[in-house]
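Sequences listed follow chains A and B, in order. Per my numbering, the first sequence starts with residue 1, numbered consecutively. Per my numbering, the second sequence starts with residue 1, numbered consecutively.
Any given hint might turn out to be false.
[Unchecked claim] Heads up, simulated SDA-like pairs for lysine to any residue below, C-alpha to C-alpha not over 20 angstroms straight-line:
(1) Lys-8(A) <-> Lys-17(B)
(2) Lys-97(A) <-> Val-50(B)
(3) Lys-17(B) <-> Ile-120(A)
(4) Lys-102(B) <-> Lys-97(A)
(5) Lys-163(B) <-> Arg-75(A)
(6) Lys-245(B) <-> Phe-36(A)
(7) Lys-18(A) <-> Asp-52(B)
(8) Lys-140(B) <-> Asn-270(B)
(9) Lys-202(B) <-> Asp-113(A)
(10) Lys-17(B) <-> Phe-36(A)
(11) Lys-202(B) <-> Phe-119(A)
(12) Lys-17(B) <-> Leu-112(A)
(13) Lys-202(B) <-> Ile-111(A)
(14) Lys-15(B) <-> Lys-18(A)
Source of the hints: derived by calculation from the structure; they are not laboratory data.
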Amino acid sequence: MIIDETIKKDIEELSGQKLSDCYQCGECTAGCPTAFAMEPVPSQSIRLLQLGKYSELLESAGIWLCAACNVCGERCPRGVDYGKIADACRTIVLRNKVTHITLEKVDKKFILDAPQQAFIAAFRKFTT
Amino acid sequence: MTSFAYYPGCTLYTKSKNLDLCARETAQILGVELKELETWNCCGAIFSTVTDDIANQVAPIRNLIEAQKISNKLVTLCAACYNVLKRSNLYLAKAGNETYRKRLMNFLDTEYNGKTEVVHYLETLKYDIGFDNVKAKVVKSLNGLKVASYYGCLMVRPSEELKFDDPDNPVMMDDLFAALGATPVDFPFKGECCGGYILVDKPEVATKCAQTVIENMAASGAECVATTCPLCQYNIDNQQKMMSKQYNLPIFYFTQLLGLALGIDEKILNLNNHFIDPKPLLKQKGLLQ
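The following block holds chain A by itself, in its conformation from the complex (with noise of 0.2 angstroms):
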């Protein structure tokens, strides 16, 4: 996978979101209902890539942990939506032929008792 500068570019279009409009008051990261296991943090990973870190967020774990919940886009004061750039930043990384998780992965118990739901939403967002 190359990773330059064309790739701020991309991410920026995917979004609808520009870098720059996050001043890093942390806001994302207070209501993130995951934040507790996401490592680099919504603030963080947005500062990664004002930083140009393009390769140290999208290698990173921290992006498959984002539930889609919006609670960052709906409370975000410069109207930056954290969840867009992550989902961004996973279709890059699936859109290289890089997947996420596989069916043989999944805990079996969960494939007879889950709602289809969960197995829809999780193989759209982590599988290529």
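For this one, chain A is given, so just place chain B on it according to the hints.
Same frame as chain A, but now just chain B:
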């Protein structure tokens, strides 16, 4: 009888039949027919926010075109279907998205400009039927049952697009339960995420999210919970066994409690399809034989 186009979605045909069947039955009692689309496909379960993602928008838009054969209004029940169908529709109709719309139309047989109005059954109950008229049909008052209304993410956000209710303090379901004779319980995490589809990849993270929500409901005095989303239902019902503390809180679909108050058949309520058995609580409250 007023008829509205109705979209059940994939999960309501299998794992969450009680959410679906109780809605159809209660609508009938309230003088509204939920007319299922003749053909439909899965909405995709999650809205793709990626601006050039035409492929994932075809499925939801096909359903919106199909709805036109029945009515301009399309009623949904599952929070995810509501969120995906409504947002896909708005994105297509948004000013400035003409090029996107033209590209999308290459994959569809019928021209479409966004005229189907996507609503949730709760909105049908509030605006088309009216909670006062629902109240008038109650045969079994919920008798002060302390219900925590759990809206989750997909009903309330993004509020600018969905315009469903206050994203930080939604009350539409609470008002419905008050009309049914229950006591709505206020708690701080009405719109907090249950962990959603993260369950599939990192179950321990999803379960911790769900526990945060349940803990707050229990601490606020809730005896049970009502939800609109099959995934919320699963994460806060079935996953209770995985939590570090046991709350034993029954998790209903809002249509089950509505059905109970309107006196629908116990078979349709399907109270056996729960991990935490709700029957002892309902018996204790005199709501079940």
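Now for the hints, and whether the structure bears them out:
no. : hint                      : verdict
1   : Lys-8(A) <-> Lys-17(B)    : violated, 45 angstroms
2   : Lys-97(A) <-> Val-50(B)   : holds, 17 angstroms
3   : Lys-17(B) <-> Ile-120(A)  : holds, 18 angstroms
4   : Lys-102(B) <-> Lys-97(A)  : violated, 28 angstroms
5   : Lys-163(B) <-> Arg-75(A)  : holds, 15 angstroms
6   : Lys-245(B) <-> Phe-36(A)  : holds, 19 angstroms
7   : Lys-18(A) <-> Asp-52(B)   : holds, 17 angstroms
8   : Lys-140(B) <-> Asn-270(B) : holds, 17 angstroms
9   : Lys-202(B) <-> Asp-113(A) : holds, 16 angstroms
10  : Lys-17(B) <-> Phe-36(A)   : violated, 34 angstroms
11  : Lys-202(B) <-> Phe-119(A) : holds, 13 angstroms
12  : Lys-17(B) <-> Leu-112(A)  : holds, 16 angstroms
13  : Lys-202(B) <-> Ile-111(A) : holds, 14 angstroms
14  : Lys-15(B) <-> Lys-18(A)   : violated, 41 angstroms
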